[in-house]
Every structure is written in C-alpha cells, then in structure tokens.
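Construct all of the structure, not just a fragment, from the sequences and the given hints.
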Amino acid sequence: MPGRTDSFVWVAVFALLLALAIPWFLWDVSTVVVGLPVWLWWHIGWMVLAAAVFAVFTQRGWGVWMGGWSA
Amino acid sequence: MIQSSTTTLQSAVTIQIGIVVAYLLLALGVGLVAYRLTDRTAEDYYLASRTLGTVVLLFTTFATLLSAFTFFAGPNIAYGLGPEWILVMGLMDGLIFGVLWYVVGYKQWLVGQAYGYVTLGEMLGDRFGSPALRALVAGVSLFWLFPYVMLQQVGAGGALSALTDGVVPYWAGAGLITVFMIGYVALSGMRGVAWTDTLQGLFMLTMVWAAFVWVLSAVGGIGAATDALASTNPEFLALGDGTASPSLFGGGAYSLPWMLSQAIGIAFGVAMFPQVNQRFFVAKSETVLKRTMALWPVVVLLLFVPAFMLGAWAAGLGVPMPESGNILPGVLAEYTPTWFAALVVAGAMAAMMSSSDSMLLSGSSYFTRDLYRPFVNADASERREDLIARIGVAVFATLAFLASLYNPPSLFVIGDTAFGGFAQLAPPVIVALYWSRTTLSGMLAAILGSQLFYMVTTFTPPAGETATVWGVVVPGVMETFAGWSSSVVGMLVGLVLVVGVSALTDPAVAEQPSVMQGPTDD
Numbered sequence: 000m001p002g003r004t005d006s007f008v009w010v011a012v013f014a015l016l017l018a019l020a021i022p023w024f025l026w027d028v029s030t031v032v033v034g035l036p037v038w039l040w041w042h043i044g045w046m047v048l049a050a051a052v053f054a055v056f057t058q059r060g061w062g063v064w065m066g067g068w069s070a
Numbered sequence: 000m001i002q003s004s005t006t007t008l009q010s011a012v013t014i015q016i017g018i019v020v021a022y023l024l025l026a027l028g029v030g031l032v033a034y035r036l037t038d039r040t041a042e043d044y045y046l047a048s049r050t051l052g053t054v055v056l057l058f059t060t061f062a063t064l065l066s067a068f069t070f071f072a073g074p075n076i077a078y079g080l081g082p083e084w085i086l087v088m089g090l091m092d093g094l095i096f097g098v099l100w101y102v103v104g105y106k107q108w109l110v111g112q113a114y115g116y117v118t119l120g121e122m123l124g125d126r127f128g129s130p131a132l133r134a135l136v137a138g139v140s141l142f143w144l145f146p147y148v149m150l151q152q153v154g155a156g157g158a159l160s161a162l163t164d165g166v167v168p169y170w171a172g173a174g175l176i177t178v179f180m181i182g183y184v185a186l187s188g189m190r191g192v193a194w195t196d197t198l199q200g201l202f203m204l205t206m207v208w209a210a211f212v213w214v215l216s217a218v219g220g221i222g223a224a225t226d227a228l229a230s231t232n233p234e235f236l237a238l239g240d241g242t243a244s245p246s247l248f249g250g251g252a253y254s255l256p257w258m259l260s261q262a263i264g265i266a267f268g269v270a271m272f273p274q275v276n277q278r279f280f281v282a283k284s285e286t287v288l289k290r291t292m293a294l295w296p297v298v299v300l301l302l303f304v305p306a307f308m309l310g311a312w313a314a315g316l317g318v319p320m321p322e323s324g325n326i327l328p329g330v331l332a333e334y335t336p337t338w339f340a341a342l343v344v345a346g347a348m349a350a351m352m353s354s355s356d357s358m359l360l361s362g363s364s365y366f367t368r369d370l371y372r373p374f375v376n377a378d379a380s381e382r383r384e385d386l387i388a389r390i391g392v393a394v395f396a397t398l399a400f401l402a403s404l405y406n407p408p409s410l411f412v413i414g415d416t417a418f419g420g421f422a423q424l425a426p427p428v429i430v431a432l433y434w435s436r437t438t439l440s441g442m443l444a445a446i447l448g449s450q451l452f453y454m455v456t457t458f459t460p461p462a463g464e465t466a467t468v469w470g471v472v473v474p475g476v477m478e479t480f481a482g483w484s485s486s487v488v489g490m491l492v493g494l495v496l497v498v499g500v501s502a503l504t505d506p507a508v509a510e511q512p513s514v515m516q517g518p519t520d521d
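From first to last, the protein sequence lines stand for chains X and F. Residues in the first sequence are numbered from 0 upward in steps of one, following numbering that gives the first Met the number 0. Residues in the second sequence are numbered from 0 upward in steps of one, following numbering that gives the first Met the number 0.
Derived by calculation from the structure, the hints in this document are not laboratory data. The reader is advised that the hints may include incorrect statements.
[As the list claims (entries may be wrong)] Listed next, the stretches of chain X that the computed footprint assigns to chain F, with coverage defined by at least 3 CB atoms under 8 Å from CB atoms of chain F:
#, stretch
1, 6 to 20
2, 24 to 33
3, 36 to 50
4, 60 to 68
[Stated by the list, open to error] If you only want the chain F side, here are some residues facing chain X, beta carbon under 10 Å, derived:
#, residue
5, 243
6, 300
7, 398
[As the list claims (entries may be wrong)] What follows is a list of derived Cβ distance ranges for each label pair:
#, chain 1, residue 1, chain 2, residue 2, range
8, X, 14, F, 301, 21 to 29 Å
9, X, 8, F, 25, 43 to 51 Å
10, F, 336, X, 40, 47 to 55 Å
Quick caveat: nothing in here was measured; it's all calculated off a predicted structure. For each residue, glycine too, the CB sits at the ideal point set by N, CA and C.
This is the structure in structure tokens:
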C-alpha cells in the first residue's frame, strides 16, 4: 500500500507533466528544426516521456489516493 | 485534381462507394460474430461481462474519442489557425485524460467491480441513496449526448455526399450509416462495438500515416512542406497567439487561457461522456487499465501529429478549402489517387461510426438502467432489460437521424458545447469519489447549478446583444471570462457548490458513504 510520501510525490510528478505539456518557455518562438517547429519536437519528446512516467507509475505508484481500496 | 469526363467521374464514384460499402459490411460482419458470443443479459450487452483486454480497451476508448470532430475539425483548426492544436490535443487527450483515467477511471472500476454498477448514475444514485440523483445524471447526460450523436450522422452524411460529388445525397448517406449502426449495435452490444472500434482505430491510424507519407513525398518532403508554410503563414510556426509572452488573462485563439480552456474543458468532458465513462467499468483486470494508461500518450502522439500537420501544411501549399468545409479530403484529392482518398474518407466515417455506435449503446443503457428500470418497471428481468436496451438503440439512432436532416450549426460549435456540458459533471463526481463527507444536497446543488450556469452562458447571445425567443427578449450574458471559457468557469462553480453545500448540510438518511470508501478503510 503506497504511503503518504508517495501520495505527494505523484501529485508533484503529474502536476509537472501537465504544466509543461505546452512549452510556455518557447512562446512566440518559430525556429524550425529538421522540418518541424522546435516546440513540436518538445511535444513529441514530452509525450514519450509522459508514456514512460505513466508506465513507471503503474508499477510503483498504482493504488495511491485510493484509500480503503488499496490493499 | 479536376475530373475531366463524366465516365471518369462515374467510375471514381463507383470505386468510392464500393470501398465504403465493403467497409460497412465488414463492420456488420464483426458485429454478427460478436452477437453469436453474447449472453442475453444486460451486463453482457452493455459491458461484455467486464472482460475487455488491453488492445481492445485502448482502441475502443480511443476510437470512441475520435469523432467527426477530431478527425475533420482538428486538421481544419490547424489549417485555419496553425498547428498548435496538436499541443492542445496532446495535453487534453494524452495527459489530462491519462491522469483522469486513473483518478476517475480506476476508482470507478474498483467501485463498479465491488457493487456491479453499469452506469455512472447507478453508482451515484446508490452511494447517495437517491433515485432522483440517478435520474438527474442520466437525464443531463442524455440531453448532451443526443445532439452529439446527431452531429456524427451529419458528419457521415456530409462526407459521403462530398466523396461522391453529390451522387449520394446527404440524407441517404446519413441514413445508410444510421441503418448499419443500428444493425450491429442492436445485435452485438459492447463486445461487437469494442471489436469494430479496434478495427476502425487501427484502420484510421494506418490511413493517416499512409496519407502523411504520400503527401510529403509528393511535395518534396517535410522540409519543403514547412518552408512553404513559413513563406505563406510564418505566424503558424510561432507558438501562441502572436503576443510576445503568454498572458494569464485575455486573448483569442492560441492564447494561454484559450488553449488551457479547450484542453481542460474537453478532457474533463470526455471522462464524463457516457460512452467513455462506461468504459471505466469494462476492463478485465488492473493490468489492462495499467497498460492502457501508459500507452495513452503514445497513441495520441501517433495519430494527432500527422493528421493535424497535414491540415497546417495544406495552408502553406495553397490547397483551397473544399466545398465540404473539411481540409483533409481536400489535401488528399490534390496529392493522392481517388481510391486512396476514398479509403481515408472511409477511415473518417469509421471514426464517426465508432463514436456513434458507442454513444448509442451507452445512451440506451443510461435510459434503460437509470430511467426505465427504477421508474417504469423495477421488476424487469435481465432478458427484458436486454431487449429494451436493443430497442432503445434503434429509437435513439432514428431520432438523431431525423434531427440531423434539419441543417444544424457547425460541427465545432455543437461539439464544443456538448463537451462543456459533460465537463460540468466532473467536479461533483470526482469530489463524491474521494470525499466521504459529500452530501446529496451538495451533489444536487453542484449538478443543477453548474449546468444552469453553463447553459445560460452558452445558449444566450453574447453580452451586449439580445435575442427574441417566442416573443420574449433575452439579454446577452458573458460567454468567456477574461479569455477563459464558460465551461472551465462553470466547473469551478460546480466545485465550489459541491464542497460548500456538502459542508453546510447533513447527509440524508439513505446515504452510504462506505460505497466509495473501500473494504479496508478505517
């Protein structure tokens, strides 16, 4: 059963994933790299990272926040 | 590409209709196979007896999300405004929905497994001891679902009509799709729908990538396509709405509030759409839910980047918007042979059908489970409920088809409106899932209050204007709030109401907070 620390860690991880899904720091940047805008490459990398983070979550964090259901 | 003679046109139309009909027959065949495997019980009909595996669950949910709205409107938005829509959809369907898949989906799956729930309304009605709440959730859902089903039929009818240059008129196209859907949904239920969705999802993914490669090789590669876009629409390549830095308030398309409003409003709406929400109850095991969650961002990436970039590049390549109002078929007609364009349009119809069939099934289950059974015939046998559900599918589809014959407003407006309507259900549902002090009064206040707020802001004219309805002058109200959509603001209203009213009221006698709490809670 995941503990209290896990609970906060996963809130922080998910919050970061969501917050930077749109690369706000590349705002108004139109640089093109290998045929695509640089912010689109960020998107591609970020989604792959998100898939990896979700995969780790299902192994390590699954059951967090579920209260009496996580045995 | 202009068809030079009538004979070429006719043979092209024949090929196109042939491909579409072959596709429809295949879907029907899958439905028939599934029908033979189906027990005649409601749980099997609606939920395939909770036995769906990873690939099928992933694709049935994904194909369900991909409506006419995603498939045609996405490239249209990229064509008109720029490719940032890829970021919005990535955040929406890949990430926020991925998290909701766990936060709402896994929790509902746990509760549903323990108590045998089939619908959201059933779960909430039981937890709060209130058939009225159950009926309210079903009623609100059906209210928003109906126009959305209609929208799919409009899309399918329009696509067939455009594909055949009007040889198949709009009404016949929409009618054909409706009849096929009734056929396989009424017959096969969730198992058949899930299987055809998987077929449709894989088909769409293949078609989009084939189109991507084909068009790019025709125009000289990815660099040439983007260079063309840079020379005609340089602003498309810069992230955002053209301002120097992102601002928390104000602005139009691709401003920060606009992008976040779209992503948040639609993602939460998706989780409450009956056909998606019901899928939270159908996974065979936790492993299936886990794998699906991890695959989610990948599938989103694979589908949306090529599909929406095709729309954006079309602007740079000077492809004119076709009469049908959808850019994707326009690009294909320009750069690929007729048979291939027909295959992709069949893929788009697959997208519409896979959304509609699931919506029909879920709409019918909300009706029989949450309205018919509790209020009309409480003693209906499993077999009778199963029969009513199948008839419900046919009635629902026919009514939506009839409504689709009246020229309705544009896809984006209705689609966006329905997602917002469903999004309003999310705050009270999530609070109820996790906070045992939530009360029935809090739930009713939040659902009614946020729906009222959203409907008033959405359906009345913009601020400063008036409209006259049946002789009554309706004044306009605000529709956005410093750039944030009324859908997101309405969700906040719902959140404040469910928490505030629950804190101020006592639980009703029939409430059972233990339903959500789980077996080992102390």
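Hints and how they fare:
For the stretch 6 to 20 of chain X, the proposed coverage by chain F is satisfied: 4 residues have a C-beta within less than 8 Å of a C-beta in that chain, meeting the threshold of three. Figure legend: the stretch 24 to 33 of chain X, annotated as covered by chain F; annotation consistent (7 residues with Cβ-Cβ distances under 8 Å, at least 3 required). Taking a C-beta to C-beta cut-off of 8 Å, the stretch 36 to 50 of chain X contributes 10 residues in contact with chain F, enough for the three needed, and the coverage statement holds. With a cut-off of 8 Å between beta carbons, the stretch 60 to 68 of chain X has 6 residues touching chain F; three or more are needed, and the interface restraint holds.
The closest approach between the C-beta of residue 243(F) and any C-beta of chain X is roughly 6 Å, which is under the 10 Å cut-off, so the hint is satisfied. Because the closest C-beta pair between residue 300(F) and chain X is about 4 Å apart, less than 10 Å, the hint holds. With a cut of 10 Å, the hint placing residue 398(F) at the interface with chain X is violated, because the nearest CB-to-CB distance is about 39 Å. The hint said 21 to 29 Å for the Cβ distance between residue 14(X) and residue 301(F), and at roughly 26 Å that hint holds.
Here the CB-CB span from residue 8(X) to residue 25(F) is close to 47 Å, well matched to the stated 43 to 51 Å. Restraint check, residue 336(F) to residue 40(X): a C-beta distance of roughly 32 Å breaks the suggested window 47 to 55 Å.
The earlier numbered hints that this structure contradicts are 7 and 10.
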